[in-house]
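Novice: Here is how the chains run, residue by residue.
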Amino acid sequence: MTAAVFFGCTFIAFGPAAALFLLTIARDPLRVIFLIAGAFFWLVSLLLSSLVWFITVQMSNKNSAAQQKGLLIFGVVLSVLLQEVFRFAYYKLLKKANEGLLAISQEDTMPISIRQLSYVSGLGFGFMSGAFSVVNILSDSVGPGTVGIHGDSQHYFISSAFMTLAIILLHMFWAVVFFEACERQKWWSLGTVVLSHLLVSCLTFVNPQYEGSLIPTYIILSVMAGWAFSCAGGTLRNLKLCLTCKDKDFLLANHRPR
Amino acid sequence: MAPVGGCIFHDCLICLWLCALASISGDTGVLHVLETEADLDWILSTGPHPPYMVVMEAAFFTRSTMVKMKNSSRVAGVAVIKSNTGPTEGFSPHTSCPNQNTGVYTEHYGPELANCNNTVWNPLGNGLSYEDFAFPIFSLKDDNQTQVIRKCYEDHNMRMNGSAPQYPLCAMQLFSHMHAVTDTVTCMRRTDLQNSFSINPEKLCDPLSDFNVWTSIRPLNNSIKGHKENESVVIAAARLDGRSFFWDIAPSAEGTVSSIVTLLAAAQALYPVALEAPPQRNIFFTFFQGEAFDYIGSSRMVYDMENSKFVIDLDNVHSLLEIGQIGLRNGQSLWMHSDPVSRKNTTVNKQVANLVANIKSVASSLNLSLNEPSATQALPPSSFQRFLRVRPVPGLVLADHQASFTNRYYESLYDTATYLNVTYPSDLSPEQQLEYETEAAKSLTQVATLVARSIYKQAGGEDRFLNNITADTKTVAKLLYGFLIMSNNSWFSSLLPPEALGRGSILGLVITHIINTLTSVTRFVQFILANMTGTVTKLNQSQCQNPKDVPGESKDLYSYSWVSGPVSVNGTTDPYCVRSSVHLSKALSPAFELTDYGSREYSTWTESRWKTIRARIFLVASPQLEMMTLGVGVAVLLVSLVVTYFISSKAELLFSATREPPNTTY
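If you read the sequences in order, they're chains A and B.
Under UniProt numbering, the very last position in the first sequence is 258; numbers go up by exactly one each time.
Under UniProt numbering, the very last position in the second sequence is 666; numbers go up by exactly one each time.
Keep in mind that the hints were calculated from the coordinates and are not lab data.
Keep in mind that this is a model prediction, so the values were computed, not measured.
Built from N, CA and C at the ideal position, the CB exists for glycine as well.
Certain hints may be false.
To be verified - Straight-line Cα separation of at most 25 Å, DMTMM-like style, residue types lysine to aspartate or glutamate; simulated pairs:
| no. | chain 1 | residue 1 | chain 2 | residue 2 |
| --- | --- | --- | --- | --- |
| 1 | B | Lys650 | A | Asp28 |
| 2 | B | Lys586 | B | Glu306 |
| 3 | B | Lys203 | B | Asp192 |
| 4 | B | Lys203 | B | Glu652 |
| 5 | B | Lys474 | B | Asp549 |
| 6 | B | Lys151 | A | Asp152 |
| 7 | A | Lys240 | B | Glu35 |
| 8 | A | Lys95 | B | Glu652 |
| 9 | B | Lys611 | A | Asp140 |
| 10 | B | Lys70 | B | Glu112 |
| 11 | B | Lys151 | B | Glu37 |
| 12 | B | Lys141 | B | Glu35 |
| 13 | B | Lys68 | B | Asp41 |
| 14 | B | Lys70 | B | Glu107 |
| 15 | B | Lys141 | B | Glu306 |
As the list claims (entries may be wrong) - One-sided excerpt, in silico: chain A residues whose CB lies under 10 Å from chain B:
| no. | residue |
| --- | --- |
| 16 | Ala3 |
| 17 | Phe11 |
| 18 | Phe14 |
| 19 | Pro16 |
| 20 | Ala17 |
| 21 | Ala19 |
| 22 | Pro29 |
| 23 | Val32 |
| 24 | Phe41 |
| 25 | Asn98 |
| 26 | Gly148 |
| 27 | Ile149 |
| 28 | Pro216 |
| 29 | Gly226 |
| 30 | Ala232 |
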């Protein structure tokens with residue numbers, strides 16, 4: 001659909017993530033490293049789940065549509081579970097790495113907190129997941145035509161872009177809640193994260209009814225945003241203070257030498 | 001789906017040739033099917049979604065429509081749906097005066113006959129093939145794919161009650177980018193520059209080139225070029241090529257196939273008698289390739305003869321008989337055309353009159369009527385004109401038209417088997433059709449017998465042997481079937497080398513710059529002629545390919561070809577070696593030998609190089625929707641930048657609740 005659609009969809013899908021990266025991560029090399037490592041972990045989880053998927057497809061009956069659909073659902077569920085397993089694995093790795101970093105660094109305090117790590121790793125997961133979801137679609141969107149000659153919906157490109165946007169942000173929020181839950185041993189929170197991930201992925205089976213998948217996904221996105229905000233230490237009071245620009249006084253008021 | 005082009009170039013400053021100057025990324029346009037005049041208005045002026053990709057019925061493929069489209073900026077390309085029969089009033093995209101600049105008539109030679117002042121040979125010619133179009137023009141067969149295109153148009157692009165259709169609209173993209181531009185001189189200059197200076201030279205265009213096929217009754221030593229002592233030769237000539245507006249579609253039934261088949265049948269009829277009772281002079285059968293493009297083959301042969309690079313030279317040529325278009329005789333008389341300017345010389349006139357008398361005497365015994373057109377009428381466009389340019393050789397051109405061509409579809413895609421009345425009853429299998437003798441076959445057989453006997457008589461053969469020379473109707477029928485309907489038949493396949501089996505058929509009689517395609521017309525004629533005039537030898541394959549060491553065989557006099565023989569029931573072949581005096585001679589315009597790319601003497605046609613030729617259909621969205629998507633994207637990006645900056649600058653405050661409370665209280 002030409003360059004306009006290509007750039008439009010790229011900005012929609014990767015805009016917020018790029019903004020977050022540029023403004024909060026790019027300046028700190030340590031954060032960049034952990035982001036890339038997070039992306040790598042997601043990639044490994046994808047590799048494993050696709051290996052399993054490939055083998056099961058080869059073994060299955062290729063002509064039966066119902067079986068293929070069943071396999072697809074199985075593949076999605078397996079992939080989600082593997083991603084969460086790898087998120088947990090990354091958490092464990094980061095805990096160990098942090099102790100190691102602390103040991104070799106000169107300072108007393110940890111150079112990067114677990115909270116920041118959760119944010120960075122979530123964003124890493126998100127970037128990689130978004131890239132795999134949408135890059136093929138973006139490359140097709142550069143051509144002169146649009147989807148629809150076989151009767152499919154025209155809104156394919158833009159829906160995919162919005163979905164990718166949601167997924168990237170969701171990965172970030174899930175990681176924050178997940179790591180917090182692991183720190184505080186709150187297993188129910190962990191389960192909820194996994195379940196919401198499963199829900200969002202399975203919602204995509206409703207496509208091409210794009211309203212059916214996008215709207216619930218954005219609802220879940222806002223719920224997770226709020227939850228992650230509170231896990232990260234935000235309260236409504238802070239938010240109100242920020243928005244009404246009374247923050248300067250508050251900060252000054254709080255800033256007492258220890 | 002066949003496109004137009006290889007953009008073919010000529011030096012002629014006036015005729016920049018038909019060149020799909022398409023863009024390298026393909027031309028896209030909204031589909032519109034042109035069925036009525038109202039559609040034409042829609043495309044050219046009132047339609048709201050230009051540029052349009054026009055899919056037109058064959059009836060609209062006329063000069064007026066195409067010129068209107070050429071001048072409009074709202075047309076992105078044209079696809080013509082072929083129909084089997086042409087318009088009844090005739091259609092010829094060639095010029096009305098074919099090859100007018102390279103024939104024999106110039107301001108110095110017969111000026112009153114030059115540029116068709118005297119007779120317009122192709123009055124229906126609209127010159128469409130010589131127009132320069134800036135968009136691709138494809139031809140579509142009327143089959144399933146075309147139905148898909150129509151359906152897409154009907155589903156998305158039809159107007160409802162006069163109002164314009166809504167986006168998304170069905171669009172088509174045609175790719176046929178041609179590398180060469182402007183004309184031959186520019187293109188060859190750029191190619192030469194590339195060859196001299198570039199590490200990876202890319203050729204932009206190729207000169208049109210193929211081979212002429214020739215054979216002689218008495219074998220001549222082909223390794224010794226130039227004048228042959230005591231050889232006087234009668235040449236029987238025909239052309240091998242045809243063309244149309246579209247690339248690779250040139251059935252050319254009346255224009256070319258009729259003369260090829262006649263000459264081949266005549267050669268087959270004449271050979272046994274000429275071997276038994278050799279005539280006084282030698283007889284040459286020649287098939288010229290590339291005649292549609294300013295006489296490439298014949299000009300090259302004449303050039304080679306002049307410069308002693310051919311097996312004989314012009315001093316050896318006694319007379320010439322050329323077979324022109326003879327398929328549409330319909331029981332009427334044949335016409336013998338001659339050149340009035342050379343006949344002003346009494347010697348030449350006497351020789352031509354002698355030839356005419358010989359033919360007439362043969363014709364009377366065959367119940368064929370032959371006439372000469374008026375004495376001041378010019379010679380029609382023919383290879384013979386190139387001989388006359390150099391020397392006043394006595395000769396005739398045999399044709400079925402008295403003045404202008406009877407062929408209403410000269411050099412067009414409608415000059416098909418149906419036009420020549422080569423049709424078969426529907427219940428015959430392909431093998432039965434191969435053997436079936438149509439009326440056209442019978443008519444051409446008569447002419448072939450006439451030609452064979454006349455040549456024999458002209459070469460000094462004795463009259464008592466004339467009745468033994470008879471062309472075979474079955475051969476003519478098989479030849480017509482092979483050249484016009486399906487060349488992948490059992491008889492043709494048995495005459496070709498084994499490696500040619502299983503390939504596709506000739507796609508029309510078009511000159512090709514790809515040398516050695518085993519299924520081109522040149523090759524077919526070469527092997528058919530070899531079969532008809534040659535002998536089977538007992539050589540095995542390696543000896544056949546290199547008969548130097550075999551006693552009694554001579555590579556100078558003969559050519560040896562390894563052919564597959566009849567294919568048996570279980571698919572095996574029994575190949576054998578054929579010895580004949582059939583040779584190929586290069587048909588590349590002398591202009592390229594002399595590197596005179598702007599020559600006015602010789603043909604300077606070249607064909608542009610191209611990479612992909614394809615087409616695809618898809619839906620296009622409205623530009624507004626696309627811009628809106630871009631706008632939303634930019635908005636999302638800006639908003640997220642702003643919000644992120646806001647959050648990151650206030651991060652300490654926003655996420656402060658989990659900081660350890662300071663030890664001191666306040």
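Novice: Each of the hints needs a verdict: does it hold here or not?
Specialist: Going down the list of hints, with the structure as the test:
A distance of roughly 18 Å separates the Cα atoms of Lys650(B) and Asp28(A); the hinted pair therefore holds under the 25 Å criterion. Distance check on the hinted pair: Lys586(B) and Glu306(B) sit about 15 Å apart at the alpha-carbon level, within 25 Å; holds. This hinted pair checks out: Lys203(B) and Asp192(B) have alpha carbons roughly 8 Å apart, not beyond 25 Å. Between the alpha carbons of Lys203(B) and Glu652(B) the distance comes to roughly 67 Å, so the proposed pair goes past 25 Å and is violated.
For the given pair, Lys474(B) sits about 39 Å from Asp549(B) by alpha-carbon distance, which is inconsistent with the 25 Å threshold. For the given pair, Lys151(B) sits about 16 Å from Asp152(A) by alpha-carbon distance, which is consistent with the 25 Å threshold. Between the alpha carbons of Lys240(A) and Glu35(B) the distance comes to roughly 68 Å, so the proposed pair goes past 25 Å and is violated. Distance check on the hinted pair: Lys95(A) and Glu652(B) sit about 23 Å apart at the alpha-carbon level, within 25 Å; holds.
Simply put, Lys611(B) and Asp140(A) have alpha-carbon atoms about 22 Å apart, close enough for the 25 Å limit, and the pair holds. For the suggested pair Lys70(B) and Glu112(B), the alpha carbons sit about 35 Å apart, so the restraint of at most 25 Å is broken. A distance of roughly 21 Å separates the Cα atoms of Lys151(B) and Glu37(B); the hinted pair therefore holds under the 25 Å criterion. Taken as a hint, the Lys141(B) and Glu35(B) pair is honoured in the structure, with Cα atoms around 16 Å apart against an allowance of 25 Å.
For the proposed pair Lys68(B) and Asp41(B), the alpha carbon gap of about 11 Å is at most 25 Å, so the pair holds. At roughly 34 Å between alpha-carbon atoms, Lys70(B) and Glu107(B) are farther apart than 25 Å, so this suggested pair is violated. Between Lys141(B) and Glu306(B) the CA atoms are separated by roughly 46 Å; this puts the pair beyond 25 Å, and the hint is violated. Restraint check, Ala3(A) versus chain B: the minimum CB separation of about 9 Å is within 10 Å; hint holds.
Because the beta carbon of Phe11(A) sits about 3 Å from the nearest beta carbon in chain B, less than 10 Å, this interface hint is met. The interface hint given for Phe14(A) is met, as the beta carbon of that residue sits about 9 Å from the closest beta carbon of chain B, less than 10 Å. At its closest, the beta carbon of Pro16(A) sits 4 Å from a beta carbon of chain B; the interface hint therefore holds under the 10 Å criterion. Look at Ala17(A): its Cβ gets to within about 8 Å of chain B, closer than 10 Å, so that hint holds up.
For Ala19(A), the interface hint holds, since its Cβ comes within 10 Å of a Cβ in chain B; the closest pair sits about 4 Å apart. Proximity of Pro29(A) to chain B is violated relative to the hint, the smallest CB-CB distance being about 17 Å (cut-off 10 Å). Interface hint status for Val32(A): violated, as the beta-carbon distance to the closest one in chain B is roughly 16 Å, over 10 Å. Given hint, Phe41(A) at the interface with chain B, is violated; its Cβ is 24 Å from that chain's nearest Cβ, farther than 10 Å.
Taking 10 Å as the C-beta contact cut-off toward chain B, the hint placing Asn98(A) at the interface is violated, the least distance being around 17 Å. This hint holds: Gly148(A) has a C-beta 4 Å from the nearest C-beta of chain B, less than the 10 Å allowed. Evaluation of the Ile149(A) hint against chain B yields a held restraint, the C-beta minimum of about 5 Å falling below 10 Å. Look at Pro216(A): its Cβ only gets to about 20 Å from chain B, farther than 10 Å, so that hint breaks.
The interface hint given for Gly226(A) is violated, since its Cβ lies 13 Å from the closest Cβ of chain B, which is over the 10 Å cut-off. Hint status for Ala232(A) relative to chain B: holds, with the closest Cβ pair at about 5 Å, below 10 Å.
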